[in-house]
Amino acid sequence: MNDNPRQLAFIILREVERRGVYADIALDENLRKADLSKVNRRLTTELVYGCVRRRRSLDALIDQFAQKKSHQQPPDLRIILHLGFYQLYYLSQIPASAAVNTSVELAKTNGLSGLSGFVNGIMREYLRQQEKQIQNHPILRLEDENLIQTLGTLYSFPDWILEYWLNKLGLEETEKLCQWFNQSPTIDLRINALKTSRDTVETELKLAGINVTPIPHLPQALRLSGSIGEIQNLPGYRQGWWSIQDSSAQWVSHILNPQPGEIIIDACAAPGGKTTHIAELMQDTGTILAFDRAKSRLKKVQQNQERLQLKSITTQVADIRELSEYNSCADRVLLDAPCSGLGTLHRRADARWRHTEQNVQELSELQAELLEKTATWVKPGGYLVYATCTIHPLENETIIQSFLSHNSNWEINSPTIPLQDVITSEGYLKVWPHRQNMDGFFIVRLQRISS
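Residue 0 is where the sequence shown starts when you use numbering that gives the first Met the number 0, and the numbers rise one by one after that.
FYI, nobody ran anything at the bench for these hints, they're computed from the structure.
Heads up, some of the hints might be wrong.
Taking lysine to aspartate or glutamate and the DMTMM-like style, the derived pairs with C-alpha atoms no more than 25 Å apart in a straight line are [stated by the list, open to error]:
| hint | residue 1 | residue 2 |
| --- | --- | --- |
| 1 | Lys294 | Asp318 |
| 2 | Lys378 | Glu324 |
| 3 | Lys429 | Asp349 |
| 4 | Lys37 | Glu104 |
| 5 | Lys107 | Glu16 |
| 6 | Lys429 | Glu229 |
| 7 | Lys107 | Glu162 |
| 8 | Lys194 | Glu305 |
| 9 | Lys310 | Asp283 |
| 10 | Lys378 | Glu425 |
| 11 | Lys298 | Glu261 |
| 12 | Lys175 | Glu356 |
| 13 | Lys175 | Asp158 |
| 14 | Lys68 | Glu124 |
| 15 | Lys67 | Glu130 |
| 16 | Lys378 | Glu368 |
| 17 | Lys294 | Glu361 |
| 18 | Lys378 | Glu305 |
| 19 | Lys310 | Glu261 |
| 20 | Lys299 | Asp283 |
| 21 | Lys37 | Glu229 |
| 22 | Lys68 | Glu16 |
| 23 | Lys37 | Glu201 |
| 24 | Lys175 | Asp58 |
| 25 | Lys429 | Glu162 |
| 26 | Lys32 | Glu45 |
| 27 | Lys298 | Glu229 |
| 28 | Lys37 | Glu203 |
| 29 | Lys131 | Asp58 |
| 30 | Lys107 | Glu124 |
| 31 | Lys131 | Glu229 |
| 32 | Lys299 | Asp349 |
| 33 | Lys310 | Glu324 |
| 34 | Lys298 | Asp27 |
| 35 | Lys32 | Asp2 |
| 36 | Lys294 | Asp27 |
Using the sequences and the accompanying hints, generate a full structural model.
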């Protein structure tokens with residue numbers, strides 16, 4: 000078992016680099032096998048997610064202080080330099096000497112002894128420049144006056160994402176959004192009102208030393224902050240008192256507004272956060288059909304259902320595009336569509352690098368197909384909620400406008416909720432993270448007005 004947080008972070012980042020593994024999956028797998036204290040687990044997590052998020056900025060530092068560009072460096076050396084510079088530039092609580100010395104040791108430990116002097120030299124040159132105050136923030140010394148590339152280097156986002164944000168929001172809000180996405184995510188809880196109350200959970204968590212804040216306008220939501228520890232060890236987890244669900248995602252089921260005794264279909268249900276919320280809102284009476292094409296992910300729905308002690312959910316492994324037996328059978332349908340996740344970039348450290356404009360276009364085609372299919376399941380007078388955790392219009396407004404243009408028996412049914420500032424003139428609910436301090440989300444409720 001590994002008890003060195005920096006060595007473990009190096010191993011995880013190498014898996015991400017070499018094998019294309021998702022950072023969160025690689026981190027979870029390696030932390031389970033490691034023998035780390037809570038402090039070192041937090042450090043490993045910070046180093047992995049930080050280096051993945053800030054890759055472009057860290058490459059800019061390497062480029063500034065090395066003769067060879069970052070992409071020309073040996074891959075393992077590049078990872079070590081990322082770890083070292085991340086500590087020097089972003090983690091003020093770590094002494095500079097510790098950041099340098101441990102990076103040199105990483106080089107020696109991982110077959111790069113011949114380059115340990117280079118690691119030492121480039122990092123100490125950075126420190127010398129800081130001491131001389133020639134540059135208080137080395138990344139800021141840019142030759143390129145292109146605004147998009149400057150922001151990309153400063154905040155570590157790809158150009159295509161920044162270009163959209165700048166066109167939509169302007170410079171000031173784009174910078175705020177970048178800063179928001181580069182912070183560590185909060186943890187929100189959704190209280191299972193069938194088992195307990197928000198006040199009870201809040202009291203128990205505070206007694207356990209957890210910082211807890213109620214979230215405005217959501218009656219069953221709490222936000223945790225500070226040191227939390229293992230989620231499954233928190234009061235009420237095993238008893239099914241609560242689930243982890245961001246506050247913006249909690250709005251989805253409220254807008255669906257399921258009623259006891261109804262037939263509900265959750266078309267893309269895994270891992271089950273919204274499915275179980277629907278069951279709770281229905282008092283666990285009625286029928287919820289939960290589909291997902293991935294058996295492994297659908298198992299998580301079943302596990303959540305069991306922990307929360309819910310009975311109204313039936314799961315089925317299926318590609319919903321191939322289902323033919325559900326025409327006009329549901330009172331309400333939720334399509335939480337597969338998307339780019341561009342509203343949750345703080346939670347998915349590598350998402351900003353995995354998606355492209357072409358990828359978003361391909362996703363929008365899939366989303367349109369899924370919407371057309373799921374609309375056939377709704378009874379006349381029934382409702383369909385389309386939701387994504389992306390803030391890109393190709394996956395949101397464009398999809399809905401196209402659907403309505405050739406489905407005259409459907410219309411937008413604008414929800415009445417306390418957060419009226421997120422409801423657009425068209426009736427969409429659109430959450431910008433830096434404005435509402437929650438994950439970016441798009442939600443629209445459609446009603447079938449005739450047969």
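Holds or violated: Lys67 to Glu130, with C-alpha atoms at most 25 Å apart: 24 Å, holds
CA of Lys294 to CA of Glu361, is that 25 Å or under? The hint holds at about 23 Å.
For Lys310 and Glu324, compute the direct alpha-carbon distance and say whether it is at most 25 Å. 23 Å, holds
For the pair supplied as a hint, Lys107 and Glu124, is the alpha-carbon distance within the 25 Å limit? Status holds; Cα separation ~20 Å.
For the pair we were handed, Lys310 and Asp283, check the Cα-Cα distance against 25 Å. At roughly 6 Å apart (the allowed maximum being 25 Å), Asp283 and Lys310 satisfy the hint.
Mind checking the alpha carbons of Lys299 and Asp349 for me, to see if they're no more than 25 Å apart? 23 Å, holds
25 Å limit on alpha-carbon distance, applied to hinted pair Lys429 and Asp349: 23 Å, holds
Please verify whether Lys131 and Glu229 have alpha carbons no more than 25 Å apart. Not OK: Lys131 and Glu229 at ~43 Å, beyond 25 Å, violated.
Does Asp58 lie within 25 Å of Lys131 when you go C-alpha to C-alpha? 22 Å, holds
Taken at face value, is the distance from the CA of Glu229 to the CA of Lys429 at most 25 Å? 32 Å, violated
Does Glu368 lie within 25 Å of Lys378 when you go C-alpha to C-alpha? OK: Lys378 and Glu368 at ~19 Å, within 25 Å.
For the pair supplied as a hint, Lys32 and Glu45, is the alpha-carbon distance within the 25 Å limit? Between Lys32 and Glu45 the Cα gap is close to 18 Å, so the pair holds against 25 Å.
Violation of the numbered hints given earlier is confined to hints 6, 7, 18 and 31; the remaining hints are satisfied by the structure.
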